[in-house]
Structures are given as structure tokens and as C-alpha cells.
Amino acid sequence: MENTHTDKNFEQKLKQLQDDLIKMSEIVEKQIEIAVNVIKTKDSQDAQLTQNLDEQVDVAERDVRDLSFEIMTLHRPVASDLRLVFTALKVSKELERMGDHSRNLAKRAISISSSFDDELIEQMYSLGRNVQSMVNQVLDSFFKKDELKAKTSWNQDAEIDKEYKSLLKNLIERMHNKETSVVDEGTKPILIAKSLERIGDHATNIAEEVIFNITGHYIDLKKSDFE
Amino acid sequence: MVEQVNSFAIKTKNVSVHYGNKMAIDDVTINFTKNDVTSLIGPSGCGKSTFLRCLNRMNDVIDSCKVQGEFLLNGVTDIYGDSIQVETLREKIGMVFQKPNPFPKSIFENVAYGPKIHGLASTQSELNDIVMESLNRAGLYEEVKDRMDDIATGLSGGQQQRLCIARAIAIRPEIILMDEPCSALDPIATARIEELINELKENYTIIIVTHSMSQASRISQRTAFFHLGKLIEHGDTSKIFTKPDKEQTNDYITGRFG
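Residue numbers (this note's numbering), protein chains in the order written: chain A, 1 to 227; chain F, 1001 to 1258.
Isolated chain A, as found in the complex (with noise of 0.2 Å):
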């Protein structure tokens, strides 16, 4: 167990700042379940609800940003502490990026050409269901202090951007037969798998945060021999 703070206050007030995360995340965790699943319903009303998720996610993000900047002006934390409050900065950054794509690729979702099929539409459902997976995972590891679970979410990306590779040949084959309509209906879900990939990448950007968090080093991951 970590041994407590002699400043209460601070204390306090470092709990708080991993409380603002763990609401933060949880929306976005939330609305990506939400997009993900509009790619099969495409129900305009939750899509509509990952537009309202996203005002609260930058919300949470200006929360945690306040009361990062009140602590190190306050407490002047180091060591463990200066890093926990870093990470927070930043993972709120991703998070907040992940709300973004979320929402445009539910947006997107919508709008879906009703000619695709069910096919196509599983691929993207798979990819989004790994994506929310790994997301899962990751953050888990951070407010776990998870070094391993951090190191096997970002492990993670690789099958991800694989799945998104394999889903764009396959589109862009679609276009080249003219199996869809109009060129601008096939990037849609060309978008749609991009955002799902991009939110892959934050989640490894977090991934190697929380190892930072943990470790106070920098992991060159490609090197490492786990899986």
C-alpha cells in the first residue's frame, strides 16, 4: 500500500485530480461504446448523445487541467507525485481527442449507404469492439498502476492497425468495382475506420504514459520482447 501524504490537503487533492480522470474516462469510454454500436443501429439519437457526451468530456478536461495547474502552483509536487499530475494533463488530452473521433465516426455512422453489406458493417463493428477493448485495458492500467497490462494494451495497437489495413483494402477494392454508388459514399466508412484506428493510437499514447507514471522512464516498447 502507498504510504499517505503528510499534507492532507494535498492529498486530497491528488485523489480528486484521479477522480476528475477515472469521470472523464468513463464518459468516453461510454461514448465510444455509444459510436461503436451506431455503426450497426444507426440510431441518430445516440449518435446525437456521443454530441452531448463530448460537451461533457471537454468539460472533464477543463477540470482536470484546472486543478493541475492549482496543484503544481500550490504543492509543487515532484518526483511520483509531479509525474501523476503530468500524466494527467496529457491522458486528459487523449481522452478528449478519443470524445472527437467518437463523435464524428457515430456522425458518420448515420449516414452509411444502406447498400453496404452486413458484411462490411461487422468488419467495422469488429474493429470498433477491439478499439473499446483496448481502451478498456489501457486505462485500466493507469488507474491500476498496471505496468504489464499497460505494455500488453499497447501491444494491442498492432492487431488494431492490421484489422484497419484489412478494412481499407477491402473498401478501397469496393470503390475500384464500383460496388458503391459515389465515391464520396465509400469514404465514409473509410473515415469511420480511421477514427476507430486513431483512437487506437491515443489509447498507445496512454499506454506509454502510464508506463511512464509508474516507472519514470521512457519505454522504448518496439525493443521490448513481451506479448
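Hints are computed from structural coordinates only; laboratory data are not their basis.
C-beta atoms are modelled at their ideal positions from N, C-alpha and C, and glycine is treated no differently.
Computed list of lysine-lysine pairs in DSBU-like fashion (alpha-carbon distance at most 35 Å, straight line):
| no. | chain 1 | residue 1 | chain 2 | residue 2 |
| --- | --- | --- | --- | --- |
| 1 | A | K144 | F | K1246 |
| 2 | A | K13 | F | K1239 |
| 3 | F | K1230 | A | K144 |
| 4 | F | K1239 | A | K151 |
| 5 | A | K90 | F | K1246 |
| 6 | F | K1239 | A | K15 |
| 7 | F | K1243 | A | K13 |
| 8 | F | K1230 | A | K8 |
| 9 | A | K23 | F | K1246 |
| 10 | A | K149 | F | K1246 |
| 11 | F | K1092 | F | K1105 |
| 12 | A | K194 | A | K40 |
| 13 | A | K151 | F | K1246 |
| 14 | F | K1239 | A | K90 |
| 15 | F | K1011 | F | K1239 |
| 16 | F | K1022 | A | K8 |
| 17 | F | K1246 | A | K13 |
| 18 | F | K1239 | A | K93 |
| 19 | A | K144 | F | K1243 |
Chain F stretches covered by chain A per the calculated footprint, using a threshold of three residues with CB under 8 Å from any CB of chain A:
| no. | segment |
| --- | --- |
| 20 | 1207–1217 |
| 21 | 1240–1246 |
Assemble the complex: chain A is given as a structure, and chain F must be docked to it using the hints.
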């Protein structure tokens, strides 16, 4: 990296100190790089002041105090050996204490006393030069130049402490030991002393005991953390305050015990 013998102002090895049966320092090995400011930090009773006082044999006067281990000045001179007199040692290793302790004499006499007894000036003019230069280096000359004959105890706390620094550097030491030199001063006087420490490191090696973590981080290039008589960690200040290797160091500097 190859260690240059001459790059260290003081090298110590396996230092242990006992007060009677009580162990105050437990097998500490640490080297102090020339022209660096090194902060010794740790909770009260951790041994940091005891260790500092070993470096110029201030503990010699305490009968029950037994110092063991190796202490080398400039990598060669045994601080506790026969080749150097305590008086000569203290010419080379000066000290500034927690509470400013000027002699109840004039400002001039306070600074001139050391050079006089160590025979550093052969004429009055030389002595005047040393006093002026020392006060200048301590950043005090401009404030006292018109009242050099006034009694030193009439100066403010911050001025008195700078006078003590001027007194320490008047005998041209290589190393200055400081034992919480700012703990009795207000923030402005503290800032002035810290600025001075930064200037002095150009010419001197400074080892300072401080309870203020922010002071250690502001003024020192190296930081050593002591706990229960042991040296827990010693390294670059920037590293100690961002990513210390030891959990105990992290706990102390973040305020998780003390």
C-alpha cells in the same frame, strides 16, 4: 565514465559515526564534485548535519563522538590524518552555521579576523583588500561600505548571514559547508543567500544541509538523501526530484513520511 581523482573536492568511503553506543552514520560512501552545490536532505536525526560536520572535523570537540572511515580532500589528503592540521583543514573547508553568529566586533573586524590569524595579509592594505573582496563576493559590500566600523550584530539577520559567508570566504577556502544557512531568514534574505550560493559555486565547492526541499531543488546540482544514518540515494538534483530510483527517496521528497 572514468573518475578523475581531481574532479572531487572531497571523497568519503565507508563512513560511520557513533555518539557513544548510538550509531549516527552507517557506512556512508559519497564523493563531492568540485564546483558543485550538493544538498544533504533528510528528516531530523537522519545524520546529515553530523556527516557535514565530519567533513571539517567539527565533531572532534565532542568526546563521545567516534568517526570512522576514509575522508580525502582533493582525492589525496587524509582529512583525519597527520599530514594536515585541523586549523589548516578549516582554512580549506569553511563553515556557515544555521544561526548567523558574527563576533561582537565591527563589520571590518569580523571579516579581517580570519585572514589575520591565518597570516594571509602582510600589510594593512592587503588586509583591506581581502575584506573588501570578501564582502563583495558575499554581496554585502555595497550595503556596509560606509559603516565598516559599526558593530556587526547591528546588521539584519540576512546581512549577518552574508557577513558570516564573507568571513568564511575571507580565508580563501576551497569548500564551504553550510548547515541550514537560511532557516532563520525571511524569504527575501533567503533568496539573496541562494543567489549568492549560485554565484559562489564558480569558485567554491558547496555542501549544504537543508530542510527545505524546494531550496535543495533550486540551488544544488547534486542531492543526497539520508535516512536513519544511511545514505539512501545520491544523484543529480533534477533526477532526484523527478524520478528518484529509491521508493524511500520518493516518499520523503513527496512528503509521505518525515
